[in-house]
Amino acid sequence: MLKMLSKQSLFLRYEKKRKQDSLFLKGPITFEWINENIPDPSSRIILIARAFMEMQNIDEVSLSRKIWDSAGISGKDTRHRVLQKINAHAKGYVVVPRIGRTALLRKQPSETRG
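Per my numbering, the sequence shown starts with residue 459, numbered consecutively.
Honestly, the hints are just simulated from the structure, not real lab data. Here the structure is a predicted model, which means the values were calculated and not measured. Take the hints with a grain of salt, since some may be wrong.
To be verified - Here are the simulated lysine to any residue pairs, SDA-like style, with alpha carbons at most 25 angstroms apart:
(1) Lys465 x Phe482
(2) Lys534 x Asn515
(3) Lys524 x Asp479
(4) Lys477 x Leu505
(5) Lys549 x Ser464
(6) Lys534 x Pro555
(7) Lys534 x Pro567
(8) Lys484 x Pro497
(9) Lys474 x Asp535
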């Protein structure tokens with residue numbers, strides 16, 4: 459039989475999870491390490507783009523050749539598939555296409571849990 463948790467227990471569990479989610483990894487982690495150890499190109503581009511966002515203290519970045527090269531991703535078809543996968547599966551990020559210009563990767567504001 460499943461035991462129901464009290465509101466206080468649920469709150470304590472939620473608070474513990476919230477604190478764990480706020481932990482961060484402190485570098486240095488190089489782009490070379492990311493390319494060698496993260497096999498999924500969508501994950502690599504998000505990590506690299508996020509690094510550029512944090513360096514400039516912004517919430518969106520233009521996915522320029524510099525970012526694609528830093529993530530080790532080449533080829534127009536591969537880039538297109540990566541952008542589609544980000545839009546479909548990456549929570550907290552959205553690709554903003556711009557006709558005739560490079561797409562933007564925008565970090566969505568995190569929703570507050572209540």
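Going through the hints against the structure:
1. Between the alpha carbons of lysine 465 and phenylalanine 482 the distance comes to roughly 28 angstroms, so the proposed pair goes past 25 angstroms and is violated.
2. With a C-alpha separation of about 28 angstroms, the suggested pairing of lysine 534 with asparagine 515 is violated against the 25 angstroms cut-off.
3. Simply put, lysine 524 and aspartate 479 have alpha-carbon atoms about 30 angstroms apart, too far for the 25 angstroms limit, and the pair is violated.
4. Between lysine 477 and leucine 505 the CA atoms are separated by roughly 22 angstroms; this keeps the pair inside 25 angstroms, and the hint holds.
5. Note on lysine 549 and serine 464: the hinted pairing is violated, with a Cα-Cα distance of about 30 angstroms set against a maximum of 25 angstroms.
6. About 14 angstroms separates the Cα atoms of lysine 534 and proline 555, which keeps this hinted pair within 25 angstroms; it holds.
7. In summary, the hint linking lysine 534 to proline 567 is not supported, as the alpha carbons are separated by about 29 angstroms, beyond the 25 angstroms threshold.
8. A distance of roughly 21 angstroms separates the Cα atoms of lysine 484 and proline 497; the hinted pair therefore holds under the 25 angstroms criterion.
9. With a C-alpha separation of about 42 angstroms, the suggested pairing of lysine 474 with aspartate 535 is violated against the 25 angstroms cut-off.
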